[in-house]
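A.B. asks: These protein sequence lines map, in sequence, to chains V and P.
When the count follows UniProt numbering, it moves up by one through the first sequence with no breaks and lands on 84 for the last residue.
When the count follows UniProt numbering, it moves up by one through the second sequence with no breaks and lands on 257 for the last residue.
Everything labelled a hint here was simulated from the structure, so no lab data went into it.
Treat the hints with caution; some may be incorrect.
Stated by the list, open to error - The calculated DSBU-like cross-link candidates involving lysine-lysine, where the alpha carbons are at most 30 Å apart (straight line), are: (1) Lys106(P) to Lys17(V); (2) Lys106(P) to Lys154(P); (3) Lys108(P) to Lys155(P); (4) Lys154(P) to Lys132(P); (5) Lys108(P) to Lys17(V); (6) Lys132(P) to Lys17(V); (7) Lys17(V) to Lys155(P); (8) Lys108(P) to Lys154(P); (9) Lys132(P) to Lys106(P).
These figures come from a predicted structure and were not determined experimentally.
Spelled out, the chains give:
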Amino acid sequence: MGRLVGEDPLTIGLPCKGWYDLSRARLGPSVARVMQEITDTSGQSLEGVEWEVVDGNHHDGRFEALIRIRSKEPIDCVHLALLL
Amino acid sequence: MVGPTQRPEERFAGDALVEYFGGRERCSVAAGRDPPDLELTLCGEVVGIEVSQLVQPTIAPDGSLGSRIGQDDAGLRLLDRLDEALGPSVPESIELGVTFELPIAKPKRFESELAAWLMELLAAGPPAGEAKRAVLGTAVRVCAHTRRPGCRRKKRIWGVLGSGNTSADIALNAQLVLEQRISAKQRACAAVPDSLWLALLNDYWLADAETYALAARQIDVEHRFARILLIDGQGRVSELETCSTPASQAPSKPAPP
Numbered sequence: 001m002g003r004l005v006g007e008d009p010l011t012i013g014l015p016c017k018g019w020y021d022l023s024r025a026r027l028g029p030s031v032a033r034v035m036q037e038i039t040d041t042s043g044q045s046l047e048g049v050e051w052e053v054v055d056g057n058h059h060d061g062r063f064e065a066l067i068r069i070r071s072k073e074p075i076d077c078v079h080l081a082l083l084l
Numbered sequence: 001m002v003g004p005t006q007r008p009e010e011r012f013a014g015d016a017l018v019e020y021f022g023g024r025e026r027c028s029v030a031a032g033r034d035p036p037d038l039e040l041t042l043c044g045e046v047v048g049i050e051v052s053q054l055v056q057p058t059i060a061p062d063g064s065l066g067s068r069i070g071q072d073d074a075g076l077r078l079l080d081r082l083d084e085a086l087g088p089s090v091p092e093s094i095e096l097g098v099t100f101e102l103p104i105a106k107p108k109r110f111e112s113e114l115a116a117w118l119m120e121l122l123a124a125g126p127p128a129g130e131a132k133r134a135v136l137g138t139a140v141r142v143c144a145h146t147r148r149p150g151c152r153r154k155k156r157i158w159g160v161l162g163s164g165n166t167s168a169d170i171a172l173n174a175q176l177v178l179e180q181r182i183s184a185k186q187r188a189c190a191a192v193p194d195s196l197w198l199a200l201l202n203d204y205w206l207a208d209a210e211t212y213a214l215a216a217r218q219i220d221v222e223h224r225f226a227r228i229l230l231i232d233g234q235g236r237v238s239e240l241e242t243c244s245t246p247a248s249q250a251p252s253k254p255a256p257p
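Chain P on its own, in the form it takes in the complex (with noise of 0.2 Å):
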């Protein structure tokens, strides 16, 4: 079991690891010295493991990439604080539930402009139905749901957020985000003397493991990991080859446990 020190992205990979090395009768992960983030020990051998996740990437008019994980908290916690100052005024009967596409450009203006709508629908009465409007020329829409008898739900104003910055081409997603990732870990490792491996959780979810094996091949990028693993939500384990591989390092099959 990793240590409670660990991030639960580095739980999850390491506890899906050591199931697809063979269980915990043949191997062992333990927290790493950060970098790497975790050790394996397979065999009596002792292999450092770093880990990262596989994130749809935001793409800003300039070509940068960004993370659509951060854009998203951003208007979470907007929502969460909406949420914490109008909820307690939204009637026992009803949510609301408030959509609209990140990123804002001017957040605080947009928050104080919504959050002065959103209490003009409620001094109008319960509000009910759909109401729809253009704050800071972001479409917002605000739907009235029926609150269910019974339900132990605390949060009254919830979201469903959108992206306007984000790419529908599934594998060139997955190009990019891996190509970024591999990057990264790789200047993030550099003073790493140890034979490492990496480990990619992928959070975007419509990529599958064919996807990303795909990607991998397409990409030029130069590293040192001598094996790259890619765990899926489920803790499915998959191996990517990318060109830039050395081929004495290419990686193998598990042996069976």
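Isolated chain V (complex conformation) (with noise of 0.2 Å):
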């Protein structure tokens, strides 16, 4: 998932920031597993939940997009890292 680029992969490319609309397109595998487990647990459907890319880092030799969720129900706003 996302772009590693370069001869000693550390630089990503990022999706861009802001929301993503579940119910206009269906996720690439990788992320869609992602959003299943928080949707799974949090009791909602993808169909209600909106994502944005708010940042990314590196941390201890792994890169992370830290992702803020947005839905109808009462999820309401988390930050959590998806590891890319």
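Both chains are given apart, each in its own frame, so use the hints to dock them into the complex.
C.D. replies: Structure, rendered in structure tokens:
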């Protein structure tokens, strides 16, 4: 996931910032799996959930994209790390 | 096996298509005459295959499209130059992660001012934690990360590149990039007399095959490709049907191996 570039691939191009509306398109399998876990845990369906990439970081040898989840139901707004 | 002159993405596409059509017992792939990029031999018949990549589009204020890969490459080269020039000055115990958004309006001046700031940070002693600054109006964050003992990584300065001119609308992106790539390849292959297929490698990993299938039905683009095959990063192949696909050339499922 993400685009790792360079011969020593430590630089990554993140998805753009902004809210992704899951009702209009399907996510690639890797992101969809993460989102499914989030929605399964929270009891939400993917249809009611939007997410945005807030930032990128590097943590313990792995890249992370910080994404914010928003839904119509109780998740409201949370932050979590999406491993890239 | 595709010849050694093939680009990596063409080799990847060729291998994925051979697998999809039943393996090397049933078909083979070789370099094409460019165009097309590849020639697939399937059940004794040879078909030309043009290969292209579906990349997240950048969208300029005037609506013109660009390539996210090209934009990211510019940022990558900038960071590599900084690593080459300043990496040896970074203390052994740390690495510096630099985060900013592309595109940069004045890249040479930006690079020069960013280098000056990094030198300033390094001159003040081993950087710790996080520092933020606007460089020519672009927000830049520099994080010092502890380097693990025994780490063999050469790079001491690396980056996370965001994008300020892309859309979060996955469906729209899929439509835009699909239409652009099919049109471009239609023009590139105008002089090829034979029947052609188009293989599209999906680098825009947020969109999956189902999204592209929907996008293909929503765009209106004239083309001459008898089959359009989508290949994802794991080498999985699916077929796309556009409105302008001639009925007589409509894609069909591959015969079972």
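A.B. asks: For each hint, tell me whether it holds in the structure or not.
C.D. replies: Tested hints:
{"no.": "1", "hint": "Lys106(P) to Lys17(V)", "result": "22 Å, holds"}
{"no.": "2", "hint": "Lys106(P) to Lys154(P)", "result": "28 Å, holds"}
{"no.": "3", "hint": "Lys108(P) to Lys155(P)", "result": "22 Å, holds"}
{"no.": "4", "hint": "Lys154(P) to Lys132(P)", "result": "25 Å, holds"}
{"no.": "5", "hint": "Lys108(P) to Lys17(V)", "result": "25 Å, holds"}
{"no.": "6", "hint": "Lys132(P) to Lys17(V)", "result": "19 Å, holds"}
{"no.": "7", "hint": "Lys17(V) to Lys155(P)", "result": "27 Å, holds"}
{"no.": "8", "hint": "Lys108(P) to Lys154(P)", "result": "25 Å, holds"}
{"no.": "9", "hint": "Lys132(P) to Lys106(P)", "result": "19 Å, holds"}
Every hint from the earlier list agrees with this structure, and none is contradicted.
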